[in-house]
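Participant: Since chain A is already given, all that's left is putting chain B on it; use the hints.
Protein chains in written order, with our numbering: chain A, 137 to 494; chain B, 128 to 370.
You may find that some hints are simply not true.
As the list claims (entries may be wrong) - DSSO-like mimics (lysine-lysine), calculated; alpha carbons at most 30 angstroms apart, straight line:
id, chain 1, residue 1, chain 2, residue 2
1, B, K198, A, K404
2, A, K404, B, K137
3, A, K487, B, K194
4, A, K487, B, K201
5, A, K490, B, K217
6, B, K250, A, K490
7, A, K325, B, K219
8, B, K217, A, K404
9, A, K325, B, K198
10, B, K265, A, K325
11, A, K460, A, K440
12, A, K490, B, K137
13, A, K490, B, K219
14, B, K194, B, K130
15, A, K490, B, K265
16, B, K198, A, K487
17, B, K201, B, K250
18, B, K198, B, K137
19, A, K487, B, K265
20, B, K346, A, K325
21, A, K404, B, K265
22, B, K137, A, K325
23, B, K198, A, K490
24, A, K404, B, K194
25, A, K325, B, K194
26, B, K201, A, K325
Stated by the list, open to error - Output of the computed footprint for chain A on chain B, the stretches with three or more beta carbons under 8 angstroms from beta carbons of chain A:
id, segment
27, 174-186
28, 241-251
29, 315-328
In case anyone wonders, no lab produced these hints; they're calculated from the structure.
Glycine included, every Cβ here is placed at the ideal spot set by N, Cα and C.
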Amino acid sequence: MPNLNRIRAIAGKEVYHILRDSRTLAIVILMPILQLIIFGYAMNMELQNVPLAISDLAHNHASRRIIQAFEQSGYFRIIPVAVEDFVPEELFRQRKAQATLSIPRDCGEERTQMLLKVDASDPNTAQLIQNYALGILGGGAKSGLLDLRPFILYNPDLKSSFFFVPGLIAMILVMICALLTSISISREKEMGTMEQILVSPVSALEILLGKVIPYILLGLLDAFLILGVGMLLFKVPFAGSFVVFLGFSFLYVLCALCLGLLVSTIAKTQQAAMMMALGITLLPTLLLSGYLFPIPSMPAVLQKITLIIPARYYLVIIRGIMLKGNSVAELYQAGLSLIVMTIVMLIVAVKRFKLRLI
Amino acid sequence: MIKTEELTRKFGDFIAVDHLNLQIVRGEIFGFLGANGAGKTTTIRMLCGLLMPSSGRIWVNNLDVAKEGEKVKKSIGYMSQRFSLYQDLKAKENLEFYAGVYATPRAEAWENTLPLLEQFGLKESLNMRTAELPMGYKQRLSLVCALVHNPPLVILDEPTSGVDPQARREFWQVINQLAFAGKTVLVSTHFMDEAEYCHRVIIMQAGKEVALGPPRELKQRFEVQNMQELFMKVAGGINAKLK
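Just chain B, same shape as in the assembly:
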């Protein structure tokens, strides 16, 4: 589904992403882990075409992102780190707007989102101004908006930051359903417990890959009990080396 080759992005002298090679298959939940500034968001932004790589290449669905940007964009549903729906629009109007920019017919858009709206308990709030929705519901609405065109690839940049634990569990339930339905899900997070839900994770540090694999395998390899310990061990280890 996604393949990157020596993907690198520099901002001046600062190397945000350093020669990253990834291969992500269909139906996989792939987690990006790392501290702030490790390069997660920069990688994600390059994958969905928001940033140009300084060097290296990206293929999504065997399409070269640099050359066939528009086709690639159609197949991606993206939820940015920052809440970015229109607060002065009603929930419903936000949905219809995103259906519009993806040129998805209204009926089809409702078909794509109605089950999810019901599951999220958003159906009753569709006529509310987005600004009036509680934070958790705003996040859910963002996710629904990202899925309005039924994309095969869903990219979520820290979707659960600022959301209470109960809502986070529900969110992950939906992510699992999406993968089960055959969608590929890329998700970045700094909650290590969430990493356990991923099929595979990459731990990034200073733009580089420091560990990559299924959580269970990684825990065995590094002889740790949980992802939190794993993270401290691999990411902390690099820090020690740098010193």
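Chain A extracted, bound-state conformation:
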């Protein structure tokens, strides 16, 4: 049976370390905010001010409405081009425009055909431009031919911040939590203080629990910090309940901290622990959690691998809570998966944790 006094002694000492070590506090407070800002602005997938050249041969009420719709959308910036210079390929080559729109003389009549040309040297951007343009033409101009009515749930403007902020919470949390516990244990190994703990009658479980408990609070603090900054800077909505968010974030933080424990049973130095913790959290979370790439479109082998990525489950949870207002009833399965992973990792860490030096 783990002895509560011993766990409390280890956890209490850890709190002193946290409060007195400016580096830990920097990791916990500054790192997530910086990451959120850097990732947030770098991963912005919205287009703004796409240079668009328009050749308007109609010059009537209908064509002016179309041009106005493009201008007011905010996605496009209309660049003035003289009629004789309107050669789309040339404009693309000189990077003067990324898209061109030709409005024919008969605009506003029964069958209007317009030509949209898009510079697809960057296919993703091209796809976005096309979608935006179709959206504007379909919704705003009602041109008859391009009667497109997109119907998008949860994120009607397709704002990418709605998509990346929840993902970033998942990624930053797992990274920082895994770092915290793995560094805190490997530091003791490096400083020689672990030797002094190991000669005492503490068990592996007591050491590991004492190490995890103080960091749960820090992890949750981080969860709210990132959420708060995300809502403030990127205007993400929060449809669900904070209590549900707190409960599931607790499970996720615990899972990530146990991942850090597991790392610390392998890494011998702080540096190795740091590299390993970042290595197994950063890229897998980015690529295999369903954050950037949808899991159903992955090869079968990779789909299996995603099952052991904690962020995969948390992403379902956090997107559900923030965007759909999900409650426990819809999320308990993902929560259970996190609990199972946590227990397995804790057991493996306790088994692997050596109460001896070599």
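Facilitator: Relative to the frame of chain A, chain B by itself:
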């Protein structure tokens, strides 16, 4: 108090401790002498359960260390060669932490350590960060932390390295008091003058025992004036043989 039987530890091909048989009785100050790499620290680490022996057995208080590790650990106070208190904790917090991991109630822990803290002049520095303490005081604090649970067996691995002569004398005074109070003290050192304070010493060379007995008896047997000469004679002798 301690008994080892053919205690051996190998690291790959290197034999750090080679078939060591020891018997140490209660209240004894037992010294481990030897050059660096002679196997002192490895032996000590096996005695307090930090290292598994490759072969051989150890009993502490008639308990088999391999089987009843936790009980044995409770009865040992250990001070490692490397200074290993938390530098960012106050002296007092370090003491309370070790009381905690040995599950010793606070009041009892203070009772165990207060006289010693006063004797060491540490009582006034309890609220100082450990990092700010002078080296000598850090060593003293390490010793006090090792005694926080009032263990019957105290194992000190080179406790006086890096400490000035005055502080070393004080340290040995305390070691004597501990033995007088009935504790068994195991201490390793490479200061030969300190060996004179031990009731019995073992001189180790390449993991093997080369001399074992009370300092006075050893000096007579090997016909030398002091421990320094004895050490040169027995340890140097083996070297000569190896050549």
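Participant: Would you mind marking each hint as holding or not holding in the structure?
Facilitator: Evaluated hints:
1. As the CA atoms of K198(B) and K404(A) are separated by approximately 28 angstroms, the hinted pair is consistent with the 30 angstroms bound.
2. Simply put, K404(A) and K137(B) have alpha-carbon atoms about 21 angstroms apart, close enough for the 30 angstroms limit, and the pair holds.
3. For the hint linking K487(A) to K194(B), the alpha-carbon distance of about 18 angstroms falls within 30 angstroms, and the restraint holds.
4. At most 30 angstroms may separate the alpha-carbon atoms for a hinted pair to count; K487(A) and K201(B) meet this at roughly 22 angstroms.
5. Distance hint between K490(A) and K217(B) is fulfilled; the C-alpha atoms sit about 28 angstroms from each other, no more than 30 angstroms.
6. At roughly 36 angstroms between alpha-carbon atoms, K250(B) and K490(A) are farther apart than 30 angstroms, so this suggested pair is violated.
7. Under the criterion of a C-alpha separation no larger than 30 angstroms, the hint pairing K325(A) with K219(B) is consistent with the structure, at around 22 angstroms.
8. At roughly 27 angstroms between alpha-carbon atoms, K217(B) and K404(A) fall within 30 angstroms of each other, so this suggested pair holds.
9. Between K325(A) and K198(B) the alpha-carbon distance is near 24 angstroms, which keeps this suggested pair within the 30 angstroms criterion.
10. Taken as a hint, the K265(B) and K325(A) pair is honoured in the structure, with Cα atoms around 20 angstroms apart against an allowance of 30 angstroms.
11. Straight-line distance between C-alpha atoms of K460(A) and K440(A) comes to about 26 angstroms, which keeps the hinted pair within the 30 angstroms bound.
12. For the suggested pair K490(A) and K137(B), the alpha carbons sit about 18 angstroms apart, so the restraint of at most 30 angstroms is met.
13. Restraint check for K490(A) and K219(B): the C-alpha separation of about 29 angstroms stays at or below 30 angstroms, so the hint holds.
14. Between the alpha carbons of K194(B) and K130(B) the distance comes to roughly 15 angstroms, so the proposed pair stays at or under 30 angstroms and holds.
15. For the hint linking K490(A) to K265(B), the alpha-carbon distance of about 28 angstroms falls within 30 angstroms, and the restraint holds.
16. Distance restraint check for K198(B) and K487(A): the Cα-Cα separation of roughly 20 angstroms lies within the 30 angstroms cut-off, and the hinted pair is therefore satisfied.
17. For the suggested pair K201(B) and K250(B), the alpha carbons sit about 26 angstroms apart, so the restraint of at most 30 angstroms is met.
18. Under the criterion of a C-alpha separation no larger than 30 angstroms, the hint pairing K198(B) with K137(B) is consistent with the structure, at around 26 angstroms.
19. A hinted pair counts as satisfied when its Cα atoms are at most 30 angstroms apart, and K487(A) with K265(B) does not qualify at roughly 34 angstroms.
20. Only pairs whose Cα atoms come within 30 angstroms are accepted, and K346(B) paired with K325(A) is rejected, the gap being roughly 41 angstroms.
21. At most 30 angstroms may separate the alpha-carbon atoms for a hinted pair to count; K404(A) and K265(B) meet this at roughly 26 angstroms.
22. Of the pairs offered as hints, the one joining K137(B) and K325(A) holds, with about 22 angstroms between alpha carbons and a cut-off of 30 angstroms not exceeded.
23. With a CA separation close to 18 angstroms, the supplied pair K198(B) and K490(A) stays within the 30 angstroms bound.
24. Under the criterion of a C-alpha separation no larger than 30 angstroms, the hint pairing K404(A) with K194(B) is consistent with the structure, at around 27 angstroms.
25. Distance restraint check for K325(A) and K194(B): the Cα-Cα separation of roughly 25 angstroms lies within the 30 angstroms cut-off, and the hinted pair is therefore satisfied.
26. Distance check on the hinted pair: K201(B) and K325(A) sit about 22 angstroms apart at the alpha-carbon level, within 30 angstroms; holds.
27. Only when three residues or more bring their CB closer than 8 angstroms to a CB of chain A does the claim for the segment 174-186 of chain B stand; here the count is 5, and the claim holds.
28. Proximity of the segment 241-251 of chain B to chain A, defined as three or more residues with a beta carbon under 8 angstroms from a beta carbon of that chain, is not established by the 0 residues found.
29. Against chain A, the segment 315-328 of chain B contributes 0 residues with a C-beta closer than 8 angstroms to a partner C-beta. That does not satisfy the three-residue criterion, and the hint is violated.
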